[in-house]
Amino acid sequence: MDKVYPSVSEAVADIQDGSSIAVGGFGLAGIPWILIDALLEQGASRLTVVSNNCGVDGAGLGLLLEARRIERVIASYVGENKEFARQYLAGELHVELTPQGTLAERLRAGGAGIGAFYTPTGVGTQVAEGGLPTRYHTDGSIARASEPKEVRDFQGRPMVLEESIVTDVALVRAAVADRHGNVVFHASARNFNPAAAMAGRLTIVEAEEVVEAGEIPPDAVHLPGVFVQRIVQLTPEEAARKRIEKRTTRVTSDDETKEA
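If you use UniProt numbering, the sequence shown closes out at 260, no skipped numbers anywhere.
Quick caveat, the hints were computed from the structure, so don't treat them as lab data.
Take every hint as true, because none was put in to throw you off.
If you anchor each label on the Cβ, the simulated ranges turn out as follows:
1. Gln126 x Met1: 44 to 50 Å
2. Glu245 x Ala116: 28 to 34 Å
3. Gln16 x Ala145: 27 to 33 Å
4. Gly115 x Pro158: 18 to 24 Å
5. Tyr77 x Gly131: 14 to 20 Å
6. Thr248 x Ser9: 33 to 39 Å
7. Arg152 x Thr249: 47 to 53 Å
8. Asp57 x Ala145: 26 to 32 Å
9. Ala213 x Thr248: 38 to 44 Å
10. Glu147 x Gly43: 31 to 37 Å
11. Asp153 x Gly43: 45 to 51 Å
12. Gly214 x Asp17: 36 to 42 Å
Here are the simulated SDA-like pairs of lysine to any residue, each with C-alpha atoms no more than 20 Å apart in a straight line:
13. Lys149 x Glu96
14. Lys149 x Val127
15. Lys82 x Phe26
16. Lys149 x Leu97
17. Lys82 x Ala67
18. Lys82 x Arg247
19. Lys82 x Leu63
20. Lys242 x Leu40
21. Lys82 x Arg243
22. Lys82 x Glu71
23. Lys246 x Gly58
24. Lys82 x Arg69
25. Lys149 x Ile114
26. Lys82 x Lys246
27. Lys246 x Ala187
28. Lys242 x His186
Yeah, the Cβ is synthetic: ideal placement off N, Cα and C, and Gly gets one too.
Make a model of the complete structure from these sequences and hints.
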């Protein structure tokens with residue numbers, strides 16, 4: 001039952017080329033920084049990544065993009081990752097954009113054993129009707145587009161059928177994990193991490209703190225250990241590694257007084 005691995009490199013060592021990987025986090029909040037670095041070092045390529053977005057230039061999943069290790073992305077948005085946008089528009093990357101809530105539910109449903117579900121999100125748009133570019137030619141013309149999806153009425157409301165997502169591997173970041181794999185997430189890191197963890201056949205958790213089984217009160221568990229296969233304990237330096245994607249500040253009254 002002890003799921004703690006001696007090193008992050010050993011935890012990702014058997015991830016194969018062509019694997020599908022669900023990655024937790026939102027922007028840079030709660031992403032598995034150390035596991036992504038280890039996967040970059042490990043060398044797996046032709047990856048399909050399922051994540052809310054694909055990091056930023058020079059950080060997070062952006063590093064795997066820059067190394068040309070990602071072949072396909074299923075995400076909610078491109079964000080401010082210029083390399084992500086460039087590869088997509090240049091025809092170098094297959095991209096499936098899906099509404100954010102739908103993506104979260106596709107992951108959660110996959111982990112819950114639900115094959116598909118109906119949602120009103122996307123009805124009347126290319127999400128349901130098809131035609132969203134998933135890959136471009138190098139000349140900018142559309143090489144491949146999304147197919148139409150089934151739409152049915154439920155209680156007088158049209159809803160589109162969305163398939164769940166199950167991946168080969170999931171990489172997530174946790175604040176606390178016990179040795180049996182029960183996990184607690186901190187604040188906004190409880191975004192896509194639980195859903196991504198549920199969707200992975202093999203789920204690897206990097207934890208800022210690892211405690212003994214029973215130390216986490218049952219009511220405090222955000223993710224049960226049944227969804228976790230491997231845990232890596234971070235060093236204090238690794239645990240403190242948390243970049244801010246975009247810092248926004250305002251002038252305070254103290255600042256105004258100093259300037260005067």
